[in-house]
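Asker: If you want the building blocks of each chain, they are given just below.
2 protein chains.
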Amino acid sequence: MSFFDYFRAQKKKSAQVAKERLQVIVARERVTRNGPDYLPLLQEELLAVIRKYVEVDNDAVTIQLDREGDCEVLELNITLPDGRGR
Amino acid sequence: MSFFDYFRAQKKKSAQVAKERLQVIVARERVTRNGPDYLPLLQEELLAVIRKYVEVDNDAVTIQLDREGDCEVLELNITLPDGRGR
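First to last, the sequence lines map onto chains A and B. Each residue of the first sequence is one higher than the one before, starting from 1 at the first, in our numbering. Each residue of the second sequence is one higher than the one before, starting from 1 at the first, in our numbering.
Calculated directly from the structure, the hints in this document are not laboratory data. Computed from a predicted structure; not experimentally measured. Do not rely on the hints blindly, as some may be mistaken.
Identical copies look the same in the list; a pair holds intra-copy or inter-copy alike.
[To be verified] Below 20 Å or equal to it, Euclidean Cα-Cα: the simulated SDA-like pairs (lysine to any residue) are:
no., residue 1, residue 2
1, Lys-52, Leu-41
2, Lys-19, Val-31
3, Lys-19, Glu-68
4, Lys-19, Leu-41
5, Lys-19, Arg-30
6, Lys-52, Glu-68
7, Lys-52, Ser-2
8, Lys-52, Asp-5
9, Lys-19, Tyr-38
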């Protein structure tokens with residue numbers, strides 16, 4: 001399965017109207033429990049990078065942080081006004 | 001399907017030995033062809049953000065940029081030495 005399938009399936013689930021969408025996912029798999037837990041810290045910095053290129057309203061962003069066993073996934077979903085780039 | 005399934009399935013495919021893995025995905029769905037194509041520009045900036053938290057060797061990164069219809073996906077796969085954080 002390609003990531004395209006995953007990305008498109010999510011759209012169907014949320015039954016959104018046609019809008020430009022941007023999804024940023026950071027997934028980490030640890031072998032040991034060593035090292036700092038930096039995924040939560042990344043979200044603001046990633047948004048700052050995205051904002052250099054497109055206008056992102058705060059209420060257009062949903063952020064989710066999930067853990068499952070040794071995997072941790074940070075997911076940012078952003079809805080953009082049609083084709084609005086900087 | 002959750003993203004965890006996608007993330008884990010990729011590991012099996014590549015049959016890697018146990019190492020810490022980090023995957024960054026930026027997916028964009030456009031409604032129109034308007035606006036600049038900024039996904040390729042993001043890769044260096046995203047890596048710079050990650051490098052604030054973990055040491056990433058250049059040869060530990062594979063970058064892929066794919067298009068399929070109105071979707072565009074930038075994927076960074078990073079292999080890290082066991083639990084090596086900054």
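Asker: Now tell me if each hint is right for this structure.
Answerer: For each hint, the structure was consulted:
{"no.": "1", "hint": "Lys-52 - Leu-41", "in the structure": "both (19 Å within a copy, 10 Å between copies)"}
{"no.": "2", "hint": "Lys-19 - Val-31", "in the structure": "between (39 Å within a copy, 6 Å between copies)"}
{"no.": "3", "hint": "Lys-19 - Glu-68", "in the structure": "between (31 Å within a copy, 17 Å between copies)"}
{"no.": "4", "hint": "Lys-19 - Leu-41", "in the structure": "neither (28 Å within a copy, 22 Å between copies)"}
{"no.": "5", "hint": "Lys-19 - Arg-30", "in the structure": "between (35 Å within a copy, 7 Å between copies)"}
{"no.": "6", "hint": "Lys-52 - Glu-68", "in the structure": "neither (32 Å within a copy, 25 Å between copies)"}
{"no.": "7", "hint": "Lys-52 - Ser-2", "in the structure": "neither (28 Å within a copy, 29 Å between copies)"}
{"no.": "8", "hint": "Lys-52 - Asp-5", "in the structure": "neither (28 Å within a copy, 31 Å between copies)"}
{"no.": "9", "hint": "Lys-19 - Tyr-38", "in the structure": "between (31 Å within a copy, 17 Å between copies)"}
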